[in-house]
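Work the whole structure out from these sequences, hints included.
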Amino acid sequence: MISNRDSKTGQALFEYLLRLGDDRLVLGHRLSEWCGHAPILEEDIALANIALDCIGQASNFLSLAGKVENKGRNEDDLAYLREAVDFRNVQMVEVPNGDFAHTIARQFLFDVYSYPLLDELQKSADGEIAGIAEKAVKEDRYHLRHSSEWVRRLGDGTGESHDRVQNAFEDLWTYSEELFFTDEVDDILVAAGIAPDLALIKKAWEEMVAKVMKDATLDIPGNDRYMAQGSRNGRHSEHLGHLLAEMQIVHRSYPGVKW
Amino acid sequence: MDDDAKLIEFEAKIKRGEKIEPKDWMPERYRKQLIRMMSQHAHSEIVGMLPEGNWITRAPTLRRKMGLIAKVQDEAGHGLYLYSATETLGIGRDEMVDQLLEGKAKYSNIFNYPSLTWADMGVIGWFVDGAAIVNQTMLARSSYGPYSRAMLRICAEENFHKKQGYEIAATLALGTQAQKEMVQNAVDRYWWPSLMMFGPSDKDSPNTPLLMKWKIKRKSNDDLRQRFIDLTIPQAQRIDLTIPDPDLKLNKKTGHWEFGKINWDEFYEVIRGNGPCNKERMTARRKAHFDGEWVRIAAEEYAKKRKTNHSNNN
Chain S
1 MISNRDSKTG
11 QALFEYLLRL
21 GDDRLVLGHR
31 LSEWCGHAPI
41 LEEDIALANI
51 ALDCIGQASN
61 FLSLAGKVEN
71 KGRNEDDLAY
81 LREAVDFRNV
91 QMVEVPNGDF
101 AHTIARQFLF
111 DVYSYPLLDE
121 LQKSADGEIA
131 GIAEKAVKED
141 RYHLRHSSEW
151 VRRLGDGTGE
161 SHDRVQNAFE
171 DLWTYSEELF
181 FTDEVDDILV
191 AAGIAPDLAL
201 IKKAWEEMVA
211 KVMKDATLDI
221 PGNDRYMAQG
231 SRNGRHSEHL
241 GHLLAEMQIV
251 HRSYPGVKW
Chain R
1 MDDDAKLIEF
11 EAKIKRGEKI
21 EPKDWMPERY
31 RKQLIRMMSQ
41 HAHSEIVGML
51 PEGNWITRAP
61 TLRRKMGLIA
71 KVQDEAGHGL
81 YLYSATETLG
91 IGRDEMVDQL
101 LEGKAKYSNI
111 FNYPSLTWAD
121 MGVIGWFVDG
131 AAIVNQTMLA
141 RSSYGPYSRA
151 MLRICAEENF
161 HKKQGYEIAA
171 TLALGTQAQK
181 EMVQNAVDRY
191 WWPSLMMFGP
201 SDKDSPNTPL
211 LMKWKIKRKS
221 NDDLRQRFID
231 LTIPQAQRID
241 LTIPDPDLKL
251 NKKTGHWEFG
261 KINWDEFYEV
271 IRGNGPCNKE
281 RMTARRKAHF
291 DGEWVRIAAE
301 EYAKKRKTNH
311 SNNN
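Chains S and R supply the protein sequences, listed in that same order.
The opening position of the first sequence corresponds to residue 1 in my numbering, with each subsequent residue numbered one higher.
The opening position of the second sequence corresponds to residue 1 in my numbering, with each subsequent residue numbered one higher.
Part of the chain R face toward chain S, derived, beta carbon under 7 Å:
#	residue
1	Gly53
2	Pro60
3	Thr61
4	Leu62
5	Lys65
6	Val72
7	Gly77
8	Thr171
9	Gly175
10	Ala288
11	Gly292
12	Arg296
13	Ala298
14	Glu301
Just the calculated beta-carbon pair ranges, DEER-fashion:
#	chain 1	residue 1	chain 2	residue 2	range
15	S	Gln11	R	Arg63	26 to 32 Å
16	S	Asp77	R	Lys213	58 to 64 Å
17	R	Lys304	S	Lys71	55 to 61 Å
18	S	Gly234	R	Gly145	56 to 62 Å
19	R	Asp98	S	Asp215	30 to 36 Å
Calculated directly from the structure, the hints in this document are not laboratory data.
A virtual CB, placed ideally from N, CA and C, is assigned to each residue, including glycine.
What follows is the structure in structure tokens.
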């Protein structure tokens with residue numbers, strides 16, 4: 001445990017860990033909805049596997065968040081007993097799955113963000129974050145390979161698959177800017193060497209997105225549209241409340257019991 | 001060699017305890033019975049993902065959510081593995097999937113019952129995977145090499161699932177009154193359908209003698225059912241859950257539990273498609289299949305393009 005978790009850094013770190021944890025918790029939850037309903041058996045396995053990794057990563061980040069906060073909350077308290085406005089995930093991960101193209105496009109846009117982020121976090125001045133990132137980055141390498149291969153396959157497959165995945169990118173582009181939202185949470189942690197500068201991640205993201213979409217014969221959507229914002233501070237779409245209602249129902253119905 | 005001579009050699013081989021491998025000669029009935037059993041087994045894994053998948057999004061802790069996703073993922077893996085093993089008998093996966101979706105192939109009846117509470121995730125693991133283990137441990141000694149090897153591998157994972165299920169059930173049984181009621185309710189609903197998983201009574205199972213002679217099966221339905229009951233009753237007693245059968249009685253002489261009458265009318269009705277969830281399960285599988293058709297076509301098209309590009313570059 002690093003010693004520089006003074007109140008200001010500690011508070012920023014808690015917020016930051018919620019952002020890391022909630023992104024992966026909500027995305028993992030959405031992915032797990034595919035289980036048993038995927039287009040081919042191999043994808044039932046792959047999507048379940050990625051969901052499992054995401055929830056595992058979320059569990060680690062939220063557990064650490066609880067420790068940093070130091071109010072006796074564990075990862076389950078944070079996952080199951082917070083309201084939608086207290087969640088810090090980006091909206092991209094909470095929107096419903098849509099078709100397979102939509103799920104893949106979302107996963108790709110997130111993986112291209114998450115992989116370099118975790119890669120940098122391995123060098124975090126906070127040893128515990130670095131440890132979680134070290135394990136998670138290996139998982140994300142596979143996620144990115146999986147999603148980018150599918151983007152190529154769908155983009156350069158048939159006319160129908162091309163249109164579907166192009167439409168999915170158009171729909172999801174609205175949510176892309178939020179990935180790179182920064183505020184004083186980032187400022188404090190970047191200064192402390194705990195978190196990387198998201199501007200650098202954004203550059204890597206843009207390059208990789210451009211490369212894969214070009215390979216896939218897809219057009220990169222323009223930014224002349226409504227760009228969603230606010231979710232890092234708790235302003236979400238209406239979808240998150242429904243997702244949490246489902247996720248939290250059993251846990252909340254029997255307060256304080258062991259499962 | 002004529003077919004009679006081949007049959008004599010085939011049966012001698014089985015008698016010696018040797019495995020039959022895909023390229024070996026086998027009677028058409030042996031091949032057909034194996035395709036029926038193995039594809040049914042594969043379909044059961046796939047349809048079996050649905051009642052448990054139903055609770056993934058509501059699992060009460062992150063640990064439980066991960067455990068459940070991992071289990072359902074394993075089932076998909078078993079399905080894939082079993083389809084491959086069945087393909088060694090000369091039938092394609094697409095054809096088998098079509099048979100399932102057209103309602104021509106069966107899958108285990110147990111998955112036509114609804115999963116109503118979180119406790120079902122415990123009891124399904126405990127009873128359904130427990131019953132599967134009893135059946136598969138026997139099938140691991142099956143005369144057909146690929147099936148036997150598939151069973152060995154799958155059984156190891158099923159053992160883990162059963163432990164996970166029993167642990168969920170035990171946690172609830174030792175929990176609050178409400179939790180205990182939840183798990184007792186699941187036991188009440190799943191006990192009898194679990195016993196039916198072993199299939200009809202021996203006297204109504206016309207395929208059994210031949211299947212046993214050819215060592216596709218090594219034990220009869222009734223023997224396997226008895227083994228499951230004998231294993232499971234003490235496990236229920238240990239966590240103070242009641243098995244919903246007033247006729248249960250330990251026969252001290254034989255060491256076996258005697259049990260009440262199974263409702264075979266219900267069994268045959270569910271097989272005929274008239275179970276609580278037959279329609280939902282098939283609708284879900286068909287929807288996944290047809291919604292996913294464009295994805296499979298795109299993947300094929302892309303693979304073709306890559307192949308053409310590759311050969312053009314050479």
